[in-house]
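With chain A's structure known, arrange chain B on it following the hints.
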Amino acid sequence: MKAAPFDYIRPQGVAEAIAALQQENKTVSLLAGGQSLLVLLSLRMAPVDLLVDISRLEELKAVSETPTHVFIGAATTHAMIEDGAVPDPSRGLMPRVASAIAYRAIRNHGTIGGSVALADPAADWPACLMALDAQAVLLGPAGDRREAVTDFVQGMYTTSLEQGEIILGFDIPRLPAGTRYGVAKVTRKSGAFASSMAFVVERGEGAPPSVILGATANRAQPMPAVVAYLSQHAEIDEADMRAVIGADLNIVDPEADAYQRRTHTATVLRAIREARGQC
Amino acid sequence: MVEHPANGWIGARLLRKEDARHLMGSASFVADIRMAGLQDVAFVRSQMAHAKLRGVTKPDRHRKRVFTHADLDTVQIVQAGPELSNFRQSPYPALASDKVRYVGQMIAACVAPTRAQAEDIAEAVTVDLEELPAVVDVVAATRPDSPRLFEAWPDNLYIKSTVTEGDVGSLASAPVQVKRQFKMNRQATVHLEGRGALAFWDARLNELVIYLSTQGAHVMRHGLAMALGLPENQIRVIAPDVGGGFGGKNRLMPEEIAVAALALKLGHPVRWIEDRREHLLASVHARDHYYDLTIWADREGLLLGLAGDVFIDSGAYSLWPTGSFMEASMAARNLPGPYQMKHLRVNTFTVATNKAPMGPYRGVARPGACFAIERAVDEVAREIGRDPVDVRRLNLVASHQLPYRTAGGLLLDTGDYHASLETVVNMVDLPALRKRQAAGEPDGRAIGVGFAFYTEQSGHGAAEWTKRKSRVVPGYESATARMLPDGSVLMLVGIQNHGQGLETTLSQIAAQELTLDPAAISVRYGDTATGPFGFGTFASRSIVFAGGAVAKASRELLEKACRIGAHLLQTDVANVRAEHGAIHGPNGKVTLAEIARAANIRQELLPMGEQPLLEVTATYEPGDSGGVFSYGTHAAVVAVDPETGKVEILDYAVAEDCGTLVNPMIVDGQIQGGIAQGIGTALYEEIPYDDQGQPLATTFGDYMVPCAPEVPTVRIAHSVTPALCTEYGVKGVGEGGAIAPPAAIANALRDAFSSIGATFNETPLTPRRVSDAVDRARNGRPTP
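Protein chains in written order, with the working numbering: chain A, 1 to 279; chain B, 1001 to 1784.
Same shape as in the complex, but just chain A:
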C-alpha cells in the first residue's frame, strides 16, 4: 500500500496552482488535507502524475464576514470548524457536523473544500452546505464564478469543477435568529462514513425549510415533498410524514433497498423532530 511514483509541487499561490492544473497529457490532482486522496493513491486506485499541494496556501484559508454571510476558505480543516476557530454562520450546526466527521486525526487534516470537491455521496459537508444554501466560490483560468453547492455537486464523485478550477471557499448565509435545525446521521460505527444523513433547517418567517438527505447512492439532495409538507404543517403526523418521506425517496434514492429506506426514513424523521422540538 505505497503510492506509485508521482511528481509533487507546492505552489506559492492560487494562480500558480491553477497554472499547474492545466498541464496537458498529465493527470494532475490537487492535494489539500489528503484524507481521501492519499488513501486512494496508496491503494493505487487513482494514478496521478502530479500532485499540487495547496494545503498551506493562506489564500485558501481566508475567512471573512459580512452582516449576512460568512466566507470560509476551502482549506479550512474540519477541526478548525469544530473548535470554533473560524466564525460560524450556522448557529452551532457546522461545528456539530464537523465534530462528527470521522476521527479527530482525520479532522485535523481534512478540509471542507476537499470534502466538497471529492463529492463522496456519504460525506458530511456537501449535504450540510446544501442545507445552509451555501455558494461555492471558484477560481479558474477563465476567472471566478459562484455556484450553489446544490448545483455544484452533480453526482457521485462528480462536480461542475472545470479543468484548472479551484474551490476558493464557500459563502454561507447566516442563519437568522429563531432558526431551528435538526441533524441525524447513522454510521456503522463511530468515525465511519454515513449510511444515512439528514439535515432539516427551518429559518422561520415563512421561508421554506431546507431538507437535505445525504448518503444516498448518488449525491446529497433536497427532499421536495418533505419541504412542502413541513411548509404546510405546523404539527406533523408521523404516518403522513413517513409516507411523504417515502415518496421523496423514490426520487432521491430510487435504488435504495428496504434497509436503506428504513434508515433514511429514520434520519429524516429524527432531524425533523429535532428541528420541531418534538424529540
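Because the hints were derived from the structure by calculation, they are not lab data. This one's a predicted model, so the numbers in the text were calculated from it and none came from an experiment. Just to be clear, a hint being listed does not mean it is correct.
Claimed, not checked - These stretches of chain B come out as covered by chain A in the derived footprint (C-beta under 8 Å, 3 or more residues):
| hint | region |
| --- | --- |
| 1 | 1114-1124 |
| 2 | 1630-1644 |
| 3 | 1759-1769 |
Just so you know, even glycine gets a beta-carbon here, dropped at the ideal spot from N, CA and C.
Positioned in the frame of chain A, the structure of chain B alone reads:
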C-alpha cells in the same frame, strides 16, 4: 519501586514493566529494525479466487528482482494439519505453483530498496490465470456437484467427524424441540502490529537470522528449518517486541518462508512488513462457523440433549502446524457448555473453500460454540415462556457436582457457576431493567439484557494435545533461572510476550519464589539463540505453563542458594529459610547477592562438591494435563434503534473466576481487551465474500473494528477458586473475554425484541442485520 506487599507478589497490582517503553515509543518491533543493505519485499497476489496459474511474466527491466515458485525451488512444502490419516493434505507452496485458491495468495515476490519500489515492480508483473469456478458457500461446498479445490480429493472436506454422547435418538418425543441455525462470520485477527519478517545470513555465525513477529519463535524455527532444508542450529529466530497476535501470529505463513528463502538466495537482508490490506486479504482468518442445531428440553426448560451439524469454513489450505482442525472438535465439544444435558450428537465438517486459510484467534472455536449454545438456551426459554436466567439456573452444573464431565467430554474442574450467574444478575440489577423495559424509552429505542456463560480451557498439556492429534504437542513450558554475580536474575523463558505483560507477571512469580523484588528480575524471551525451547503463547497457556516453569526453576535455584547459604552461615540447610533476598540461619543471614558472588566468581567459598553457577533450567506441565477451566457469566445491556438497527451497549458486566490472580490489573486488562474483540465479533467485524470469491472488506474503510466509543468500560467481579493442579491455583485468562460477548449481546437483542420475537442468529449484528431482523418479525416473515 513498589513496596514488598504483605501477602507476597502473587496478587500484587504491579504496574507493567513493559509500559514505559511502549508509552515512550521506544519499543522495538520488526519494522523498527534498520540494517545496512536491507531491501523490501512486495508480493504479487492472486486477484482471482480459484484459477489455474498458466504463467508469470517478469518485467524485463526487473527480471532479477522478481521471484516465482520456480526461483525458490529449494523450499519444501511442509505437511500441515493434525496427524490423522483421514485428514486430507492441502499442499501449500510459499509461492503458487500451478493453481491459486484464494484472492491474495502469493504468486511472486519482488525485491527492491524500498517497499514502494517493490510495489512498482509487482504492478509490472503479468500473471496469466485461467479462472475456475469458486467455492464460496461452506454448505454448498460439501455437495457432490460443487467444484473442488483439490483434484485429488473426492470432495471439499479436509475431514468430517462426529462427537457423540448418550443417545439423541431417545429424545424424539421430548416435549420441547427447538431447531435453529447460527452463523458466526469470518473475520481477521487485527493485532495492532501487523505481521512482519526480516531475514539475513549471518556469515560470522554461519546461520540464517530471522526477526519475526511471532507468538512462538522456537516452534517457527522448527517449521522454517523443514521448509528451508536447513538444520535448526543454523536458524535463529528472534521475536522482538510483538504487538499482539491473538493466534494470528502462531502459524508458519508463506510470506515468512519466502522472506527467509530470499535472504538465503540474495545474500543481503530482506524484509516484508504486512500492510493492513494484506492483513485483511491474506493473514490468518478466523471464526466462520455455521451451526444447524436441534436442542431438546422438557417443559420446565431442563435441557436434555443437542444434535446437529457444524460447518467450519477453513479456507483454501491448512496452515502449519495443525491447520484449523481444532475448530471443529473444540466447537463440538464445547457445545453443551456448562449444562447438564446428557445426549449429544454433532457432525462436524471442516471444509475447504476459496478463501484465505483459517487459523486460531482468541477464543478459538468457543466464541462460535458459546454463541450457538447460549443463543439456543435463550430460544428454549422463550419457547416455554420462562426467563432465560431461570433456565440457566435450572441447567448449570452445580459446584457440588464438580469435577463434572460434560456431554462434550470436557472435565470441568472447580468453581461455582451458579454464583457467577447470580453475581452478574445482581450487577446489572435485573428487576430494575425489567421495570425500565416495561416503561419504554423516550427515544423509541428498545432495551434488552442478555446473558452468556462461558468456560475457558487452559493449562491443557500432553494429554489434551495428543488427543487432538496435534503435530506439535505443547505439553510443557520452560524457564532458565540464572542468578548473576550481583544477585540479580535473568529469567530466560520459552514463552513469548506479545503484549500481555509477561515480563511483569513472570517476574512477580520469580520474585515470590526468590524473595526478591520484581525489579531485580529480567524476563527474557523471543530468541532461539538464548532461551530454552518453548512453545510460545496461545491457548491461554502462558501463566499456567510459563508461570509454573518460572516458579519451578526459581525454587530449584533457591534450594541451591540455601545449601550455599547454609554453608556460609555454618549451619545445616535444614536450619535456614529465605526471606527478603537473604538466607537466614539461627545466627545471622547471608544475602542472595553474596551467595551469587560465591557461586559465580568465588567458588572457593562453596561447600565441598557443590558445582558453581546458580542456574537452573526447568520444564513444567500441570499435574493434570487435561486442562483447568476458567469461567464466567457476561451480561450485556443494550439499547437498539429498531428502525436503523443501531446498537448501543449501555452496560457490560462480567462475573468471572480464573483461579488465583497473579496481577489483578493485568487480568482486568485481559478481560477488557478480550471483550473489546468480542464486541467486534458481535457487532462489527466481518470479511464477506461475493459469489466469485472476492473479499469485500479489504481496508478499514469496509472492515469495521470497534474503537474506544464502541467499547464500554466493563464492570468486572472476580471470585477466586484456585485450580487444584497448577502453581498457586492459577488458570488461564487470555481468551475468556472474547468468548461470550457475541452470545451475550445477541441475547440482549433477542430480549429487547422479545415481544415481537425477532431473532439474532448471525454475527456481526450490523445495523442492517438488526434492522432486517426487526422488520421481518414485525411483518411476520420467517428468518431466512
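Violations among the numbered hints, reported as their numbers in ascending order: The structure conflicts with no hint, since it agrees with every one listed earlier.
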